[in-house]
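Undergrad: Now for the letters of each chain:
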Amino acid sequence: MIELTNIVKRYHQQEVLRGVSLRVADGEVCVLLGPSGGGKSTLLRTINGLESFDSGSIRISDIILNAEPGPQRDQALLEIRKRVGMVFQQFNLFPHRSVLENVTEAPIHVLKQPRDAAVQNARRILARVGMGDKENARPGSLSGGQQQRVAIARTLAMNPEAILFDEPTSALDPRTTAEVISVMTDLAASGQRMIVVTHAMSFARTVAHQVHILHAGRIAESGPPEQIFEDPQEPITREFLSEAAKA
Amino acid sequence: MNKKPVQPSVARSPFRFSTQTLLTLAAAWMIASLNVTADDGLDRIQQRDTLVWGADQEGGGPFVYPNPDDPSQLVGFEVELAQLIAEHLGVKAEFSQGQWDKLPDLLDRGDIDLVLNGYEWTSNRAQRYGVSIPYYVFELQLLGRTADDSLTSWDDLLKPVDGRKRKISVLGGSAAQDYVEKFAGDSVEIVLFEGATDAMEATELGLSGIDVNVQDLPVWIFYADGFQQLRTIAPPTGRGFYVAMTRKADHDLLKAVNESLLRALQDGRLRKVFTKYRIWNDTQATRGLETDVDGGFVGGHTESLSNGSGTNDRDEEETASYQPSGGWEVIRQRGGLLVKSAGMTVLLSITSMPIAVFIGLLIALARLYGPWYLGKPAAVYVELVRGTPLVLQLYLIYFLVPKLLDILFPGMGLTINAFAAAVMGLAINYSAYEAEIYRGGIQSIPRGQMEAAISLGMSRGLALRRIIIPQATRLVLPPMTNDFIALFKDTAVCSVITVVELSKQYYIQARSAGAIVELGLLTALLYLAMSYPLSVMTNRLEKNLSQERRG
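Chain order of the listed sequences is A and B.
Just add 245 to the spot in the first sequence (first one is 1) and you have this note's numbering.
Just add 16 to the spot in the second sequence (first one is 1) and you have this note's numbering.
Be aware that a few hints might be false.
[Said to hold, decoys possible] Here are the simulated lysine-lysine pairs, DSBU-like style, with alpha carbons at most 35 Å apart:
#1 B/Lys392 - B/Lys292
#2 B/Lys505 - B/Lys271
#3 B/Lys271 - B/Lys292
#4 B/Lys356 - A/Lys327
#5 B/Lys505 - B/Lys419
#6 A/Lys379 - B/Lys559
Just so you know, these hints were derived from the structure itself, not from any lab.
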């Protein structure tokens, strides 16, 4: 279970997160929607410590992450990052390593897996995301969609309890977007817990268990996709959906 | 003979002034704080069975210079004097190369026992060092061009020609410089040279309007054959005394040196040596033999000695003189020595550069990721090292580190040899530049790389080691290879702390053979042969990198 309680974050004088709380149960797919600047990415990045926060707390299974900096927080973050993966909008593959090495890097050097086992596992995962024939390629020679699938494989190799997706298809064209969405859908079907920040409405509608609308640092409305999309209760949700439909 | 023009350096150049002043201040400070070694110089020398004497072979004939027939051997009247003194002490004489103006520092540092290299007596030197009785009485010779008949006396120097002051070339820091400054003051322009032959050559060619040279007479006698376009003007003047120098505390040594010189003077051996080099003359019969309480010479007192006939006898034995050589002959004779010294240049470079890069990386990391108590000192280090000249850093390391070692580990006699000091100096100097290159390289790696790495559970250190630094290293390789080429050439500065590398060997050989062009081309070729492969490598690395980036 992942539980965020009353997360507040300020940038200079401005509050970008104004007390956000949410829960993601095991095996659940949670999608964060909302207009740009609403705080979706920032919220996602507080979960694995890429962003700090000023008050509130985050609980991931037995680990508790508080706002106060210090060795305790650092220790908690190291543990969280081993268990919660992240996929970035810009992929952030390691350009000086091959596809296979990108995937085996953390299992070997962080989890201390034996090399043979890590390689074997990486090949299985690459095949699963449809990149089995590219293990010796350099990231620079791949298309965006291929790079993002390798980035997902890199995260999966850590056998994560949850994966955070930060606008995973925003840098892709529609065709390669479809490739990535199909991999993500496949993951969701296998019971992988995910928190996804995205603008891909169809993914939210068909795959999500819970959808949260984030606006101006607050959750405006939460619910299963059929409620959010078919019967939105809040004016902000309705406005956002009609804007999104126009785009 | 076709000769390359030499660049004169003007006495009032501000750069020269500031570097010299800094060095002098640093030396004065260090020497002031130096506790002089115990009074056991002679015992020490006899125990180790060697008298280590210092001179600069670059000064050339007739003092100390490579034997024209076998350039790996040294000859010169001071070489023979050193043997004479060592014989008297019952030990072997061992030559130690040092830059001429730094020889007293080597004495202070304990690297040598005796300076024997045309150092004239001055009251300053007599206060700081043990000075021997004179082994030679020199005079100064005024030289002009054969074709120039506007000069007939010293007084002519004071008259301007065509409304401009006369330009006079002298060896920097020499007795000739002092004499001309006192004699002519501001009515002439003095141009300083690093080598006596360079000064004569510039005068012969009339470079930068130089029309007069003032030279120690022995130097002129030795080289006269090589400068047919120069003539003597007025009789020699400005008498001075070449003396040997010891540390102030080495009384016994000084006494023994004086005894040996006196004995050689009396039994004619001294005269024989000088005759061989054609520098014996009437003046040698007049010399000061007054000694002070330390057994040293007191300048200004002279008396006539009855030994010696007073005539120039050139008939005894063969004489040694300047034999200019050139063409393939000089390359064949001396090329081997240059190649050998190129080996020293390579060794200095390939030892110091990796250390420089390693220190540079640590400094860059301290500045980028370290806490303030590491980052701030690292920034200061970079500014300090970049903002001071390499020559000063080398000098400080060579003379300061032994001092520090002595304070930290008293009585253990720890020291640092010239090679180690040179490597340390080069490494420290270049580390500041490599640190900045690395810092730029690391900063140009997109932030997402670090985020991706730590999101995979890596510690910051692991992420730096496995992800950031390898990428930054590929970026910084071309500029660093570039710096490596620069370092190759900067090794030339190491001659100030007695390391004989390619450039120094070139100056020594070129000045003694008079083959500036031939040996200069060979030296340039050797440098090129070392740096060109690096240039090619830089280009290739840059090409690979840009291809990789294009994807």
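Undergrad: Are the hints correct? Go through all of them and say.
TA: So, going through the hints one by one against the coordinates:
no. : hint                : in the structure
1   : B/Lys392 - B/Lys292 : violated (63 Å)
2   : B/Lys505 - B/Lys271 : violated (44 Å)
3   : B/Lys271 - B/Lys292 : holds (27 Å)
4   : B/Lys356 - A/Lys327 : violated (58 Å)
5   : B/Lys505 - B/Lys419 : holds (29 Å)
6   : A/Lys379 - B/Lys559 : holds (25 Å)
Against the hints set out earlier in the document, violations occur for numbers 1, 2, 4.
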